[in-house]
Structures are given as C-alpha cells and as structure tokens.
Amino acid sequence: KAGVTQTPRYLIKTRGQQVTLSCSPISGHRSVSWYQQTPGQGLQFLFEYFSETQRNKGNFPGRFSGRQFSNSRSEMNVSTLELGDSALYLCASSSSQDRDNEQFFGPGTRLTVL
Amino acid sequence: KQEVTQIPAALSVPEGENLVLNCSFTDSAIYNLQWFRQDPGKGLTSLLLIQSSQREQTSGRLNASLDKSSGRSTLYIAASQPGDSATYLCAVTRDSNYQLIWGAGTKLIIKP
Numbered sequence: 001k002a003g004v005t006q007t008p009r010y011l012i013k014t015r016g017q018q019v020t021l022s023c024s025p026i027s028g029h030r031s032v033s034w035y036q037q038t039p040g041q042g043l044q045f046l047f048e049y050f051s052e053t054q055r056n057k058g059n060f061p062g063r064f065s066g067r068q069f070s071n072s073r074s075e076m077n078v079s080t081l082e083l084g085d086s087a088l089y090l091c092a093s094s095s096s097q098d099r100d101n102e103q104f105f106g107p108g109t110r111l112t113v114l
Numbered sequence: 001k002q003e004v005t006q007i008p009a010a011l012s013v014p015e016g017e018n019l020v021l022n023c024s025f026t027d028s029a030i031y032n033l034q035w036f037r038q039d040p041g042k043g044l045t046s047l048l049l050i051q052s053s054q055r056e057q058t059s060g061r062l063n064a065s066l067d068k069s070s071g072r073s074t075l076y077i078a079a080s081q082p083g084d085s086a087t088y089l090c091a092v093t094r095d096s097n098y099q100l101i102w103g104a105g106t107k108l109i110i111k112p
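Chains as they are written, first to last, in the numbering used here: chain A, 1 to 114; chain H, 1 to 112.
None of these hints come from the bench; they were simulated from the model.
Ideal Cβ positions, reconstructed from N, Cα and C, are used throughout, including at glycine.
Wrong hints could be hidden among the right ones.
Stated by the list, open to error - In silico contact screen, one side only, chain H against chain A (beta carbon under 10 Å); selected entries:
#1 8
#2 10
#3 31
#4 38
#5 44
#6 69
#7 70
#8 71
#9 72
#10 74
#11 76
#12 80
#13 89
#14 100
#15 102
Said to hold, decoys possible - Straight-line C-alpha distance at most 27 Å; calculated DSS-like pairs for lysine-lysine:
#16 H:42 to H:68
#17 H:107 to H:1
#18 H:1 to H:111
#19 H:68 to H:111
#20 A:57 to H:111
#21 A:13 to H:68
#22 H:1 to A:13
#23 H:111 to A:13
#24 A:57 to A:13
#25 H:42 to H:107
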C-alpha cells in the first residue's frame, strides 16, 4: 500500500508570489491534514479536510487556503508569500473508519521564500 | 488551551543504554497521544499511538505509557542503537478532532 505522497518536494519562490502544494493520501483515507514546521514555531496545524469539506482550521491568516478533491487528494495554496512562510509543509492522512485516528505523514514539501 | 512539553530538548547517550523520553500535556481531555520520529529534513514516522483509555503500547524495543490524570507520557527505548538517533515528537488530539497539538521534540543522539 503506497504511503502519503507530496509534490513537489522542494520549492523556491520569491516574496509576493503564490504557491500550490499537493498531497495524495493513502488509498482509502478520506481525511487530510496540513501542518507547517519551522525551527522557531515547531509544528503547527493549518487545516483538515474530509470529504471535500474543511472540518477544522488552525490560526493562520487567510493567505493560507486549501481544498480537497473527490478522490481525497488535497492541495494547499499560499498567496502573497512572505519570508516567514519558509518552512517544511507536511500533510497527513487518516482513515475515518479507524477509531484510533492515527495519522500518517508524507515526506513534506520544503518551501523557501527569497 | 492545550500545551505539550517535552523534556529534555536534547539527549546524548552511549549505544546500548535504555532511555526514557518525557512528554507532558496540560489538559487531560485528550482523545489519543502519538509518538513520532523525525529524521533530519524528513517527514514524520508514526511510532506508537495510545488511546486515552489505554495505559501503554509496545512495538519492538519501544514502549509508550500514558497517565492521563497526571498529564504525562513516556517513551521507553530499550538497548539503544545509533540508528535510533532522530528527533522524537509527541502529539495529542482533543476528543475525536484530528488536529494534532505538538511538543517541541527531543533530539536524541546515540553514540557508537
């Protein structure tokens, strides 16, 4: 069974640009969550999607948005990039039928904003 | 507001030692607690998940315990190996909410 995949693995952008990151969950998983990891703030929750609906959202500005498609793949978009958006962005998938709610993570996308 | 703390921030021990990593949380109303491992520049690997109704979980040389009432979890690593060197993170979820709330991690170095 394939794991969680994220594309691209690395991105370099300049301030003011926008970026879209993609996440494909484990087959059969319908929940996808996104996290930002930085040396200063650690891991922080961005949002969670289930069946194409955003169920939960963290404390990030509106420049951070996401969506989920009918095949459970998810995209995350960051507009008007700032230097502070440089981070490792991780997505995790979980099975709604798994009582444990165990989350499985992809390798991440490392975004550098210049 | 739930806060998760991991102490120590870094730990260096010789190969072969048994060791304990600590995780504490301020709100005992958790759904579950997960321990993860992260290698430098890489994603997260789930090690163990403990439901709030459970006391411990074991996988190979790893054993995680949970004491909800005191807001503490420990990860016990037996017979440590250099390959165990990584950052270990704990995270909790509130009720059935999928949002993970994270500790800052313990960076573990096992010296050959």
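Against the structure, the hints:
no., hint, verdict
1, 8, "16 Å, violated"
2, 10, "14 Å, violated"
3, 31, "7 Å, holds"
4, 38, "9 Å, holds"
5, 44, "4 Å, holds"
6, 69, "21 Å, violated"
7, 70, "22 Å, violated"
8, 71, "19 Å, violated"
9, 72, "20 Å, violated"
10, 74, "19 Å, violated"
11, 76, "20 Å, violated"
12, 80, "24 Å, violated"
13, 89, "7 Å, holds"
14, 100, "6 Å, holds"
15, 102, "4 Å, holds"
16, H:42 to H:68, "30 Å, violated"
17, H:107 to H:1, "25 Å, holds"
18, H:1 to H:111, "38 Å, violated"
19, H:68 to H:111, "33 Å, violated"
20, A:57 to H:111, "41 Å, violated"
21, A:13 to H:68, "44 Å, violated"
22, H:1 to A:13, "34 Å, violated"
23, H:111 to A:13, "38 Å, violated"
24, A:57 to A:13, "25 Å, holds"
25, H:42 to H:107, "14 Å, holds"
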